Amino acid sequence: MRHARGLRIPRRSTSRPSRLRTRTCDLAVIGAGPAGLEAAHRGAAAGLRVALFERKQLGGTSLNSGSIPSKALIRVATLFAGARQAARLLDSHLELPPPDMQRIVQYLRRVEQRIAAYDSPARLERAGIELHRGAAHFVDRQTVALGRRHFRFRHALVATGAVSAPPSFPGLPARSYLTSESIFSLRRLPGSLAVVGGGPLGCELAQAFRRLGCDVTIIQDEAKFLPLEERDAAQVLAQAMARDGVQIRLNTRVIGASRSGSGFRLETESYRKRDRVTATEVLVSVGRVPNTGELHLEAAGIKADRVRGVVTDDYLRTSNRRIFAAGDVCMPQKYTHVACSTARIAIDNIVHGQRLRCSALIIPWCTFCVPEIAHVGLQAWEARERSIPVKTYTVLMHDVHRAITDRQESGFVKLHAAEGTDRIVGATIVAARASEMINEVCVAMHHGIGLRGLADVMHTYPAQAAAIRTAAASARRKRRGTLAPRTCAQHRGDFDA
Amino acid sequence: MLVLPPTATTGAHRRRWAAHDEADADLVARLQQTAFGYLWQYCNSRNGLVADTSRAGSPCSIAVVGFALSAYLVAIERGWISRQAGAARTLATLRFLLHCDQSGAPQASGYKGFYFHFLDMQTGRRAWNCELSLIDSTLLLAGLVTSGLFFDRHDEAEIRDAASVLCERVDWRWAQGDSKSLSQGWLPEAGFLHYGWEGYNEALLLYVLGLGARTRPLPAAAFTTWTVTYQWERIFGQDVLYAGPLFTHLFPQAWLDLRGIRDDFMREKRSDYFQNTRRAIALQREYCECNPLEAAAYARDLWGISAGDGPTGAGLGPYAVDQYRFGYMARGIPFGPDDGTLCPWAMLASLPFDADAALTGTRRLLRDFPQVCPAERFVSGFNPSVDAAPAGWVSEGWYGLDQGLLVLSIENARSGLIWSLTRDSPAVRRGLRRAGFSGGWLGS
Numbered sequence: 064m065r066h067a068r069g070l071r072i073p074r075r076s077t078s079r080p081s082r083l084r085t086r087t088c089d090l091a092v093i094g095a096g097p098a099g100l101e102a103a104h105r106g107a108a109a110g111l112r113v114a115l116f117e118r119k120q121l122g123g124t125s126l127n128s129g130s131i132p133s134k135a136l137i138r139v140a141t142l143f144a145g146a147r148q149a150a151r152l153l154d155s156h157l158e159l160p161p162p163d164m165q166r167i168v169q170y171l172r173r174v175e176q177r178i179a180a181y182d183s184p185a186r187l188e189r190a191g192i193e194l195h196r197g198a199a200h201f202v203d204r205q206t207v208a209l210g211r212r213h214f215r216f217r218h219a220l221v222a223t224g225a226v227s228a229p230p231s232f233p234g235l236p237a238r239s240y241l242t243s244e245s246i247f248s249l250r251r252l253p254g255s256l257a258v259v260g261g262g263p264l265g266c267e268l269a270q271a272f273r274r275l276g277c278d279v280t281i282i283q284d285e286a287k288f289l290p291l292e293e294r295d296a297a298q299v300l301a302q303a304m305a306r307d308g309v310q311i312r313l314n315t316r317v318i319g320a321s322r323s324g325s326g327f328r329l330e331t332e333s334y335r336k337r338d339r340v341t342a343t344e345v346l347v348s349v350g351r352v353p354n355t356g357e358l359h360l361e362a363a364g365i366k367a368d369r370v371r372g373v374v375t376d377d378y379l380r381t382s383n384r385r386i387f388a389a390g391d392v393c394m395p396q397k398y399t400h401v402a403c404s405t406a407r408i409a410i411d412n413i414v415h416g417q418r419l420r421c422s423a424l425i426i427p428w429c430t431f432c433v434p435e436i437a438h439v440g441l442q443a444w445e446a447r448e449r450s451i452p453v454k455t456y457t458v459l460m461h462d463v464h465r466a467i468t469d470r471q472e473s474g475f476v477k478l479h480a481a482e483g484t485d486r487i488v489g490a491t492i493v494a495a496r497a498s499e500m501i502n503e504v505c506v507a508m509h510h511g512i513g514l515r516g517l518a519d520v521m522h523t524y525p526a527q528a529a530a531i532r533t534a535a536a537s538a539r540r541k542r543r544g545t546l547a548p549r550t551c552a553q554h555r556g557d558f559d560a
Numbered sequence: 012m013l014v015l016p017p018t019a020t021t022g023a024h025r026r027r028w029a030a031h032d033e034a035d036a037d038l039v040a041r042l043q044q045t046a047f048g049y050l051w052q053y054c055n056s057r058n059g060l061v062a063d064t065s066r067a068g069s070p071c072s073i074a075v076v077g078f079a080l081s082a083y084l085v086a087i088e089r090g091w092i093s094r095q096a097g098a099a100r101t102l103a104t105l106r107f108l109l110h111c112d113q114s115g116a117p118q119a120s121g122y123k124g125f126y127f128h129f130l131d132m133q134t135g136r137r138a139w140n141c142e143l144s145l146i147d148s149t150l151l152l153a154g155l156v157t158s159g160l161f162f163d164r165h166d167e168a169e170i171r172d173a174a175s176v177l178c179e180r181v182d183w184r185w186a187q188g189d190s191k192s193l194s195q196g197w198l199p200e201a202g203f204l205h206y207g208w209e210g211y212n213e214a215l216l217l218y219v220l221g222l223g224a225r226t227r228p229l230p231a232a233a234f235t236t237w238t239v240t241y242q243w244e245r246i247f248g249q250d251v252l253y254a255g256p257l258f259t260h261l262f263p264q265a266w267l268d269l270r271g272i273r274d275d276f277m278r279e280k281r282s283d284y285f286q287n288t289r290r291a292i293a294l295q296r297e298y299c300e301c302n303p304l305e306a307a308a309y310a311r312d313l314w315g316i317s318a319g320d321g322p323t324g325a326g327l328g329p330y331a332v333d334q335y336r337f338g339y340m341a342r343g344i345p346f347g348p349d350d351g352t353l354c355p356w357a358m359l360a361s362l363p364f365d366a367d368a369a370l371t372g373t374r375r376l377l378r379d380f381p382q383v384c385p386a387e388r389f390v391s392g393f394n395p396s397v398d399a400a401p402a403g404w405v406s407e408g409w410y411g412l413d414q415g416l417l418v419l420s421i422e423n424a425r426s427g428l429i430w431s432l433t434r435d436s437p438a439v440r441r442g443l444r445r446a447g448f449s450g451g452w453l454g455s
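Order-wise, the sequence lines are chains A and B.
Reading the first sequence from the start, the letters are residues 64 to 560 in the working numbering.
Reading the second sequence from the start, the letters are residues 12 to 455 in the working numbering.
The shape of chain B in the complex, shown without the other chains:
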């Protein structure tokens, strides 16, 4: 039987959980463990770097390392690995991060405490001339926060100390540049990217950790500057703080327990980010049921439009209308982009927010399209509207971000482990308070 975390929501929610049977519990546990298997298997144990994808030659994604650090804790608690093995892998990661080249040179690993989005799996140096990514570094930092809290034994002091040093050396003031809000990244060759954060999205975690930093934190005004770009919309008859791709709702809440706590915006709207995610899921289901693109698979119980791999090139949609397919893309609804591609992991990753929808959808997906879960591990994307094969176009291999999100989200639904860790984090509490959050477990 799935167990609801003690701080969980309404009585109705609790009863829905209890209704799910042993088969569901087994399925969820199995899929969680195989997702973790990716993070353990596609990791360079010498430096803790985890591959972005399972494809040959894939570099490390620094964000996946963040998910992996928290996933090790889940694996230890679940008994999939020993505490010693988890601590050793964590320590290898932290030692690499502590000693990597932070000069900001084109071939370094990071700068000002942040990291390049992709690193070479062996050398740890910048790959693909990618950007120094603020959000991907944030996901790493969130992992570090949980490691520092979980490894509390006397002989694990090095982990705590290293995690603390790595979090405190981040220069959030520098990341703000001359702007009132944050850019999405920085390039050694060209400075800050022009892309900022407009509208609600996964940057919530970025702002909370940036505001909560003990040294050189973001000013509180930066959060207000960002939230001015929020849009509170009534879409399909329901009020929601809009963000199109599902992952934008899920990523921050892989770590942050946002149930019942509110910032100024949510107080004004009498909602919270957890409830908002439930509404985002409802929008996904409504959109897929009405299925405006007439995509081959979309249905009320088959949804999950998010960032993921997809087919590329041009094609013809219904009524000879041109369609364009986007490859790897943050797809979103209802404004798009949408090309008929679903992320098969997205429904299960929504487990903490709407267990009914997540499990019903996942069961149907595995029944109708078992090809999207080879070796009981979800691929990044599939598009049954393209190609004649049973599941249409199916992404090759696995992506680390998807697996990391699954491990953490499922655990939050099962035991609330990650949420309970970050609830005890002074940095997280400070960041939430400085962003204006109060109420619920955070107090007034």
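Okay, chain A solo, but in the shape it has when bound:
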């Protein structure tokens, strides 16, 4: 086998007990989620002998209990909401039957299986990746063990992801409440659902289950949903949730829980005012913590802590120079696309000896509610904190013709630019297809395309993404003391036409 430059298989240790089988590899990848799979493929393509270890299903959280099933569920919920709206639009008295949760779960499983087929064990093997099933752990600075088998590696990548954080309140035994891992296997639609946590997944699932017909209460211990997002985005989301009929309790902490008949009773506190929420099911969605528990990181000399997970430098190298990390286990941004990008950086740094920096990444993210909330780069306040004067170019979705035709008018496009320059420093998009639209801004930022460049690009009509061009083009107009009437052309996105 051809080895990549600078990589040699280490000599087998002579001190190892002979009853253990010790094998060698160039790259040991622990965890076959998005980061692990990406790394394994990239490493194998570069000519490394790759051993990939996975104790559960291939694909990790993203495929099996995260992005994929949640998006499929949101799709089903959107269809239901659309059917109800269509019936009302046609003035029909059609009553939709309650959704059959088992059929919905079957749908989710089929979607997962379709995607899992691309990384089947057979395909991994054909790609030259050795797949080993089971819980691997480090035994020393250069060896991982899987049962009685030892694997001596030249380099290793920790990509074990993250797991749902447990609730911080007493009274809910493990397995009695739902998590993002278990909610996609429900056998029946709960009559009522209490969602604890107003982060991205909590908001997405609260809204989706409400749209399926479930009575949903969402309990968030902060003053707004999605604390990382700007005020206006969180505001639009709160309005959308209220419109859908989600019961919202902000600034409310759950302090205890107990069984109540066939459901649960949550004791809540808001500024010391006690109250309670009853529901047939409880979803705890209070964040995710790095999954490092069974790795024996200390044996390999890898520094880690409970909150940040594996500690790496900007090149994703851990405190053991042979070992790197990627994805949720070491990144604060726990998203599939970040996992894949950091895996690529780590492998390129290992294989090619490159010095690619994690801090150079331009990281977008999206919360897939209705409307979707996407962001990339700096928030306006972050720019101001760095003494960058910013100006925000805003277009409301209710001014965008395609949003009007689809009656998807909630939201906005905001492009943040360094004032007096053409340079885009960040963007927030709240729109029905924000997850797609934000990528246009990502491309612009990645390649240094400024407002002027974006404004020069012809967009299809009518399209929601025209709002991005309109926002960029509005920077060309001279500042006006008074508001000039906007023309139809401006609404079409042809600001300077």
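Worth flagging that the hints you see were computed from the coordinates, not collected in a lab.
Misleading hints may appear alongside valid ones.
[Unchecked claim] Straight-line Cα separation of at most 35 Å, DSBU-like style, residue types lysine-lysine; simulated pairs:
hint: 1; chain 1: B; residue 1: Lys280; chain 2: A; residue 2: Lys336
hint: 2; chain 1: A; residue 1: Lys336; chain 2: A; residue 2: Lys119
hint: 3; chain 1: A; residue 1: Lys119; chain 2: B; residue 2: Lys191
hint: 4; chain 1: A; residue 1: Lys336; chain 2: A; residue 2: Lys366
hint: 5; chain 1: A; residue 1: Lys336; chain 2: B; residue 2: Lys123
hint: 6; chain 1: B; residue 1: Lys280; chain 2: B; residue 2: Lys191
hint: 7; chain 1: A; residue 1: Lys287; chain 2: B; residue 2: Lys280
hint: 8; chain 1: B; residue 1: Lys191; chain 2: A; residue 2: Lys366
hint: 9; chain 1: B; residue 1: Lys123; chain 2: B; residue 2: Lys191
hint: 10; chain 1: A; residue 1: Lys287; chain 2: B; residue 2: Lys123
hint: 11; chain 1: A; residue 1: Lys119; chain 2: A; residue 2: Lys134
hint: 12; chain 1: A; residue 1: Lys134; chain 2: A; residue 2: Lys287
Only a predicted model underlies this, so the values are computations on that prediction, with no experimental measurement involved.
Given the structure of chain A, go ahead and fit chain B onto it with the hints provided.
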């Protein structure tokens, strides 16, 4: 004829004012006087507390008391009440405030010089387990500042002394807690609220008075920490420091004359808060003309989306889209929340900033929806998209904040009385300077 204050703005602005006729002047004067009538009528003359609303059993809102204190000065100048009557009502208020329970206990009236948002009209004790409100206390303090400056006669020394004591006993350092910026309030049962001030809003007055206090003032860095959260946006083709609900622009400027003076942020943007308010009004008109929610009344000359009473519950909007109605809510544009509810007082309260827009809109409102101004006094909100009645859903009775804002805003447009008083206030000047304001009447 309406009279423009001597420090008023551009020649164009002056000419627009002059174009309005006697009928407008009479209308404005009448509506101002009836607004004042609320503050005088719904006041407990023994302790000076003014009811939050005209509804039976309403507690006092401490903010409305602040508006009332300044409104008494307007009424004295306009001859609606005698100076003695105004001084007596002011003194009753100040004596109550001086001697009320400031222990911070759950049934007290205040703590550390601040006051609970709502107080019982008779006993003056905390009502509804509400929060110790920093912004509502600030509106009270602004009223106290004007009382202390206006009552300058020898026999009115008690008013001046009391106003001074009440302003100086406020512990702004305590209000900051462990944070770099300010919380929105405090509860005796749970400490400071988690809600802070994010983005531009009415907290401008809070910071100016907090920075200008003679004793235990806010550090200047607190203002910078807040203004970092400002967003300067080009919306509808116009540059504006965004704040959604109209009242957030109007409340601070009921007292502060912000024409031509600038802090660091406004210097950077070559604008000022007065001009910014004109732009906020232009946004309201543009939004209402395009009317994305297809609300029944919205039009270029029918606007006013702000904090006010509104209908509640769910409903269906155009194209069978679900709509949710918010009840009493700080509504704002263009990001919402918006449910088709207008605040009928908001256009007239914008008189100092855009007289044309304010008067044209108010005339149309009174023509099309006279139901929203019973007894020549504006209700808090109405929503013609809900219910079939001529004006749709109409809020019951009146709200004190709306009436107080109207009295002060109209007076600033007519004579500039309140602005000229606070321009002479050492505390206000000090607060503005510490916030980084300079230029215009404030000097360099």
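Here is how each hint holds up against the structure:
Restraint check for B/Lys280 and A/Lys336: the C-alpha separation of about 44 Å exceeds 35 Å, so the hint is violated. Distance restraint check for A/Lys336 and A/Lys119: the Cα-Cα separation of roughly 43 Å exceeds the 35 Å cut-off, and the hinted pair is therefore not satisfied. Restraint check for A/Lys119 and B/Lys191: the C-alpha separation of about 46 Å exceeds 35 Å, so the hint is violated. Only pairs whose Cα atoms come within 35 Å are accepted, and A/Lys336 paired with A/Lys366 is rejected, the gap being roughly 42 Å.
In summary, the hint linking A/Lys336 to B/Lys123 is supported, as the alpha carbons are separated by about 23 Å, within the 35 Å threshold. With a C-alpha separation of about 25 Å, the suggested pairing of B/Lys280 with B/Lys191 holds against the 35 Å cut-off. For the given pair, A/Lys287 sits about 29 Å from B/Lys280 by alpha-carbon distance, which is consistent with the 35 Å threshold. With a C-alpha separation of about 33 Å, the suggested pairing of B/Lys191 with A/Lys366 holds against the 35 Å cut-off.
Restraint check for B/Lys123 and B/Lys191: the C-alpha separation of about 19 Å stays at or below 35 Å, so the hint holds. A C-alpha spacing of about 28 Å is found between A/Lys287 and B/Lys123, which places the hinted pair at or below 35 Å, so the restraint holds. A C-alpha spacing of about 21 Å is found between A/Lys119 and A/Lys134, which places the hinted pair at or below 35 Å, so the restraint holds. At roughly 23 Å between alpha-carbon atoms, A/Lys134 and A/Lys287 fall within 35 Å of each other, so this suggested pair holds.
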